[in-house]
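Protein chains in written order, with our numbering: chain B, 12 to 233; chain R, 994 to 1245.
What the hints contain is simulated information worked out from the structure, not anything from laboratory work.
Glycine is no exception: its CB is placed at the ideal position from the N, C-alpha and C atoms.
Do not rely on the hints blindly, as some may be mistaken.
No more than 27 Å apart at the CA atoms, straight line, and that leaves these computed lysine-lysine pairs for DSS-like [to be verified]:
#: 1; chain 1: R; residue 1: Lys1227; chain 2: R; residue 2: Lys1002
#: 2; chain 1: B; residue 1: Lys24; chain 2: R; residue 2: Lys1139
#: 3; chain 1: R; residue 1: Lys1203; chain 2: R; residue 2: Lys1227
#: 4; chain 1: R; residue 1: Lys1139; chain 2: B; residue 2: Lys108
#: 5; chain 1: R; residue 1: Lys1092; chain 2: R; residue 2: Lys1180
#: 6; chain 1: R; residue 1: Lys1092; chain 2: R; residue 2: Lys1139
#: 7; chain 1: B; residue 1: Lys178; chain 2: B; residue 2: Lys108
#: 8; chain 1: R; residue 1: Lys1092; chain 2: R; residue 2: Lys1227
#: 9; chain 1: B; residue 1: Lys180; chain 2: R; residue 2: Lys1139
Pulled a few chain R residues facing chain B out of the computed Cβ check, cut under 10 Å [said to hold, decoys possible]:
#: 10; residue: Lys1139
#: 11; residue: Leu1140
#: 12; residue: Gln1145
#: 13; residue: Phe1147
#: 14; residue: Ser1148
#: 15; residue: Val1149
#: 16; residue: Pro1150
#: 17; residue: Arg1154
#: 18; residue: Arg1156
#: 19; residue: Glu1197
#: 20; residue: Leu1239
#: 21; residue: Phe1241
Residues per chain are reported as follows:
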Amino acid sequence: MLPFQLIIRSLSKAYGEMSVWQDLNLTLDSGCVYCLMGASGIGKTTLFRILLGLEQPDHGSFSLEPSPGYGLTAVFQENRLCESFTPIDNVRLAAGKILSRRQIAEELCRLLPSESLTRPVSTLSGGMKRRVAIVRSLLAPSCGILMDEPFTGLDDATRQQVIDYVKEKTAGRLLIVATHQEEDVDSLGGVLLRPFDGSSPSGNSGRPSLSAPSGSSGRPSF
Amino acid sequence: MFQAFSFRKIGIFLFWTALWQILAELIHNSIVLVGPCDVLLALGSLLPTPGFWLSVGSSFGKISLGFLAAFLCGVTAGSLAYRFPLFREFLEPMVLLMKSVPVAAFVILALIWIGSGNLSVLISFLVVFPILYVNTLTGLKSTDRKLLEMAQVFSVPLAERIRCIYLPALLPHLIGGCRIALGMSWKSGIAAEVIGVPSHTIGEKLYMSKIYLSTADLFAWTIVIIAVSALFEKLFLMLLERGVRLCFRFSL
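So here's chain R without its partners, still in its complex pose (with noise of 0.2 Å):
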């Protein structure tokens, strides 16, 4: 069954590469489409030159970074906003402009203020922090009442109370967040690059690509993307997962 089952999920993966080769063929210039194989080579030709790991690592670690300030940030001012409702109010106005302000106007904005060096981390940080601040809030929110007052009743100590009832209400509604917001730290992060062209980062070398007109290197750089985002999405999501059930399972 599971084996007719990937059988089927290969073969659908081959009809579509195979309809993007027929594709490239046809219309047979490089600078509009290029098919899977010249993608593979443009790869192949990236993957030993030193720049190519140095773009990737720099990128990565400036994007993570940005995403793990947010998430700590938006995690702690989301309990606090919970706890505090002043605070929530008082935060409200930034959530909102962080929200609805387009990537592209910050990023303007933070080349001024910073220039492109560290553009990615302020930008991937202002993408993200409004996402988890928002799960962290509904999914307080989303804490049982009844299971409150039963710890009232039994006087249960804060620290067992966000172990037992306020953890397992958040984490549904945090790794949501976090799933969303791995990927939307990416495609801003590396969007922003593009628009800045900080030296030594994914975005530049897409950007060059658009310069030299080189539609094979922008392909094998989005498989690229994909690739380091998937990666880091997984990575991130067992250690939260990991972390959680360490949580759980330690009783003070």
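So here's chain B without its partners, still in its complex pose (with noise of 0.2 Å):
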């Protein structure tokens, strides 16, 4: 895949009379990390929908220019996996023909016990579906992937091990995370962007803020 860019030229969002973030410039690079940090409710969330074509913005646009023929994906903020089918069905449902069952359920057993990848999802235990659910968007083609707090419920051990199986996998790929924990943008060795510093509702323009707007609480999840 060639180089790109991912554009974004003064994007604005607003939910009726509350803005969520006005003129949002950024240009991002194929083959970086960047960590996405501001407060809950602060629209990580909706920047994300945005991108993902899940949403329109209010104006504003984003391209990916040249256009690596491939689209996003994404870790949701929930795991959003099939509950009833197995761990290598739900990979393979986005993955498509590309791999094989025997290569999905190798990648997955990177991170998740063999046991685990013939029951259904819904047997498995949270930590191990946000598992699955972060191989998921790693396997399935695209030129990037945004991620939506995705080392919640992960204990440390396994969350380094996480974290470099999403470096490696997503070499040469643009990668956005949306995190909390400054730690992760060490052992991502990401970007660290606070695009909505700044640009918050509450009137404060002039200074960073990190508090959330107020009445943020009535926005629709990712």
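Hints given; two lone chains; assemble the complex.
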């Protein structure tokens, strides 16, 4: 895949009267890891939803240049797995016919115990489900992956294992991780982004703000 | 634990049967109430006759045919109505009509239109169709939007979306709907036969037991209806679950 850029031009989004963020400009390079930080409710998830085409921005646009031929995939804030199917089935759903069942099983085995691969997802623990969702996003064909708080529910040892796997699999692609933990920036070797500070709708656009906009709890979740 | 439970069940069953027998002895009138022994005797004399099997077979065939046709049409129409809102609005008056018109009125109308021969096919269809249509629509509407978004992001093909997202959402509603519809199709189908009196059917035999005031035959036939209906329900639900499980396992 040729190097490309994700260019976001003066993107704005509001729900009714309440503005999420205004005039967001970003240029992100493929092959890099970006850690998106900011208080809860500041609009990280909304930005992801727009980039994934699940919501329309009010103003502005974004594009992948030059077009890499693939779209973006994601680890959602929730796992969003088909509960009555096995982890292999779930990954296969997203990866299509590019990978055989055996290849998928081998990849899943790197993060999950092999006995868990043939059980329905509903019988797995929260952390295991999270890892299935992460593997799914990485094995599906894409030019970039958006991860919304991907490491929640993972203990420290597993977390490092997952981070190493993510770094290996995203080489050459674009990775944006929304996170609350500063240490993720270091362990992912990422670039820290705080694009929402300053454009927060509370009016204090002069200084960086970490406070969530008031009334943000009613916003749809990712 | 399980044994104690089933012993208790048998005990309770025996208690009510004994009460029934005592009541029948006290009333001592075979038209008003017959005891369980007389019913069993009546059933025993029915079973070896070829007419019995002909009636059961014919009623069973017709009612199941109506049910299966309504099942296919109901699920198809429900899916189309979910996909095309205009189709749903278009169909709504028809479904409302089928749901609200009493079965007896349909039976009279059907007698005029198609006669008594295939009466129970039509009636069981008319009763079952709206139930399965509504349940299919409700089931599909209960599909998790978040999973559909996931499928959109990962460009999951439609066949796989149906198998992994729509079908698991639809299934509980479909099974619930079938449970209700199976019982309803039998009750309404037999009721139609009693009104229309088509020859060689269970309904005709019930009608005859009314003519001859043969309460023992009435009870015996009732037991037969319950047994066949329960058997059909078990069989159909088993086949449905098998089919769906096969669908779950089959990967494209």
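Consistency of the hints with the structure:
no.: 1; hint: R:Lys1227 - R:Lys1002; verdict: holds, 21 Å
no.: 2; hint: B:Lys24 - R:Lys1139; verdict: holds, 21 Å
no.: 3; hint: R:Lys1203 - R:Lys1227; verdict: violated, 30 Å
no.: 4; hint: R:Lys1139 - B:Lys108; verdict: holds, 23 Å
no.: 5; hint: R:Lys1092 - R:Lys1180; verdict: holds, 15 Å
no.: 6; hint: R:Lys1092 - R:Lys1139; verdict: violated, 33 Å
no.: 7; hint: B:Lys178 - B:Lys108; verdict: holds, 24 Å
no.: 8; hint: R:Lys1092 - R:Lys1227; verdict: holds, 25 Å
no.: 9; hint: B:Lys180 - R:Lys1139; verdict: holds, 25 Å
no.: 10; hint: Lys1139; verdict: holds, 5 Å
no.: 11; hint: Leu1140; verdict: holds, 6 Å
no.: 12; hint: Gln1145; verdict: holds, 7 Å
no.: 13; hint: Phe1147; verdict: holds, 4 Å
no.: 14; hint: Ser1148; verdict: holds, 7 Å
no.: 15; hint: Val1149; verdict: holds, 5 Å
no.: 16; hint: Pro1150; verdict: holds, 8 Å
no.: 17; hint: Arg1154; verdict: holds, 9 Å
no.: 18; hint: Arg1156; verdict: holds, 9 Å
no.: 19; hint: Glu1197; verdict: violated, 46 Å
no.: 20; hint: Leu1239; verdict: violated, 14 Å
no.: 21; hint: Phe1241; verdict: holds, 7 Å
In terms of the numbered hints stated before, the structure departs from hints 3, 6, 19, 20, listed from lowest to highest.
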